[in-house]
Amino acid sequence: MKHNFKRIESKWQAKWEEEKIFRAVDGSDKPKFYGLVEFPYPSGAGMHVGHIKAYSSIEVVSRKRRMEGYNVLFPIGFDAFGLPAENYAIKTGNHPRVITDKNIERFSEQMRSVGFSFDWERVIDTTQEDYYKWTQWIFLKMFEKGLAFRDKAWVNYCPSCKVVLSNEDSQGGKCDICHSDVVQKSKDVWYLRITQYADKLLEGLDLVDYPENIKQQQMNWIGKSTGALVDFGVEGIDEKLQVYTTRPDTLFGVTFMVIAPEHPMIDKYADKIRNMDAIKAYRQECNKKTEFERTQLVKDKTGVKLEGLMGINPINGKQIPIFIADYVMMGYGTGAIMAVPAHDQRDYDFAKAFGADIIEVIKGGNIDEEAYTGDGEMVNSGFLNGFTNKKDSIKRMIEEIEKMGVGKAGVQYKMKDWAFTRQRYWGEPIPIVHCEYCGDVAVPYEELPLRLPQVENFVPGSEGESPLAKIDSYVNCKCPKCGRDAKRETDTMPQWAGSSWYFLRYIDPKNDDFLAAEEKLNYWMPVDWYNGGMEHVTRHMIYSRFWHHFLYDIGVVNTPEPYAKRSAQGLILGPDGDKMSKSKGNVIDPLDIVNEFGADTLRTYVLFMGDYGAATPWNDSSVRGCKRFLERVAALTEKLSDGPASAELENKLHKTIKKVTSDIEDMKFNTAIASMMTLLNDIYAMGSIDKESLKIFIKLLCPFAPHVCEEMWEELGGEGFISLAAWPQFDPAKAVDATKEIGVQVNGKLKSTIVIPTDADKDQVLAIAKANDLVIRAIGEKNIVKEIYVPNKIVNFVVK
RNA sequence: GCCGGCAUGUCGGAAUGGCAGACGAGGCAGACUCAAAAUCUGUUGGCGGCAACGUCGUGUGGGUUCAAGUCCCACUGCCGGCACCA
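Residues in the first sequence are numbered from 1 upward in steps of one, following our numbering.
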């Protein structure tokens, strides 16, 4: 072996750190590049190979940018608030602070051992007071603008973790942390009005360079739909029942209404409802159902008719029954629907189960069989009869109901306001005081940070009270407004709070006066390239875009969108092709790989193993292949010849420069590495390489395997660090081939290959092709009816 | 049900509509070795053939084209996300 990788890796890691060569410079004249990777949650398990792959992409881009002369900010930090540390604290009796510090130290050490070119002077930790001070500051700004509010409503609640969860944290009806079934609970909690930014979050997608699937997923999550709000009269009471519909043009086909079991109208007019006992029983039944049961029973519609109340269709004055049923959700639209069973399958199923009328208003289906949801001619619909275009009929109906004063165009979103509250200890305290006289009062900005108090017992209350509620000295305080006795909010912020703005703090991590200085924000933002996991597309990515849009609106930052470009890595699967998990015993520890094969090998392998965006199984033999490659590169210093480079070598070298340079930008790291492997094989075949060519080669390799390249650079007498040396320039003239080998087809089938001078004219090429024995044989007695020549690519003879 | 993606040797994967299988792994054969590992050399899609070469071949069926892994239509199978969203 040429080098002891352990020795050279620690040698260069120490030198880089000592000379702080990866330090980002504020306000430099160079063009800036802000590369970002999702900062880790410092778990007790240590780093995962997935972290290595996630960081390696931007690591390579950042290293290339430095060599290209950019002022690069490539920071790292820790998203350290959260339940795992707290649960571990409850289990072991250690304070989460102690556990977190230990884990951060371990993670830092591990990341250093891989040789990532982070700027270690800008490390942030979301659990430090000087950090969460600004998380609280942003919360208070939102409170000031009415975007943070308290509401008693139905929330997702995890009975196992004993916390309220946001919609984003309970996708699929499962708790994101422990995967228990989530239940609905009526609770007084804090929300952030993210729905007010729904349109901005949608429009902002036009401004950014995200992969199409990420944009789609965010659009689906926001779930904008347009339609109309229609007011139905209710017989006997002086109040309208408003529904939301995407098909107001089917209003003539309405045969009943359905409201959610939790709809407030039920309690309000309980005295008018003759069957309240049945209603109450049904409500209880719904409450007991888990999300799983509800989705399993989609076809079997249940519900109860409201006896005593009748709806009135505003378009034709018809009386229609009103039901409660759990297929209508309080959380979407108005919690009430107009049912058009002929043209909505759910309404159809319900109508069949409850014997309601089915009136066809769109021709084209067979409503004896199922609901017809396609397009067609409007019938049984008064002034809409004869309309065939959905758009037109909807528009016409909205005009009509607006004229009548019974409805208007409306917009709905699937996204709900963000339940921004956790009944746990290890999070940012919500800086609000509840005063009997003044209501919810903000803690004054100058009193931030509102510190987490020291507690002995982190166990939450049985009904989901925060551990902070038990600390009298924390809870009892004076109202900042009137000075009378008041009580502090004891909930803390959810796990996603700190990560919603962390990329701004990297820009000015030690600023005591503001979250980051204005001129520095203006210089560095937006993040030029952000890489992370697909699992964050509808959580962290939505949340942080929301916060950034808000900060833009209040003038803190100068761009609405935080991330100019986003990419996502694919999973690394276990060697067996399954997702890595402790229970399956197929987990690869990156530190084992560093120890056995070296950091350079690990880095190269995670990028070489396959398409960066695809899930790929780990393969130990392939790791050895990468190590073999790097060792063969290192051995080139023993194959040095006197310059200058041969024309053949120059040609191959410049082709590789071109390929590696563009492949890195396209995130095609696997083919970038493959092209360097090809070059290496060619050099071995040629027998030697001159010093200057070798220097160029290792510059290309440096972003991937920086330690061995630094060592070789030193050996070759290179100046300074190769990590800061200038990126090789591609010279098109040197990559030009004198001759080309191209294929010759007969009737589209390859028959032979010929060598032609590059850019030879058509006649010359065809002459060479026609002189080829194999081509002559393939054509035989037939006549050439067409001759096709694509320059430098292919010849095709069509014969008959 | 809706949205998005994928399908290529033994495996991971390459291929601006122009020589399918680059590169790596694995296999096979050989060199070195007492031996193994490591290293090095050659070889490696199927079928036929001593060979030259022929022939088939990118999930399935059709289509466009001089030419299709690539474009279009229909289907099948996997993966991810959302889901009684009115």
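Errors might be hidden in some of the hints.
Ranges between beta-carbon positions, derived for each pair [as the list claims (entries may be wrong)]: (1) D611 - S688: 47 to 57 Å; (2) G69 - D666: 15 to 25 Å; (3) Q284 - K318: 25 to 35 Å; (4) H179 - K749: 26 to 36 Å; (5) D188 - G317: 57 to 67 Å; (6) E465 - H179: 52 to 62 Å; (7) D188 - A674: 50 to 60 Å; (8) L573 - T92: 44 to 54 Å.
Think of the hints as simulated: they come from the structure by calculation, not from any bench. A virtual CB, placed ideally from N, CA and C, is assigned to each residue, including glycine.
Consistency of the hints with the structure:
1. Between D611 and S688 the beta carbon distance is about 35 Å. The supplied range of 47 to 57 Å is therefore violated.
2. Between G69 and D666, the C-beta spacing of about 21 Å keeps the proposed range 15 to 25 Å intact.
3. The hinted window of 25 to 35 Å between Q284 and K318 holds, with their beta carbons roughly 32 Å apart.
4. The hint said 26 to 36 Å for the Cβ distance between H179 and K749, and at roughly 56 Å that hint is violated.
5. One distance hint, 57 to 67 Å for the beta-carbon pair D188 and G317, is violated here, with the actual separation near 41 Å.
6. A beta carbon spacing of about 23 Å between E465 and H179 contradicts the range 52 to 62 Å that was offered as a hint.
7. Restraint check, D188 to A674: a C-beta distance of roughly 59 Å satisfies the suggested window 50 to 60 Å.
8. In this structure the hint that L573 and T92 lie 44 to 54 Å apart at CB is violated, the actual value being about 32 Å.
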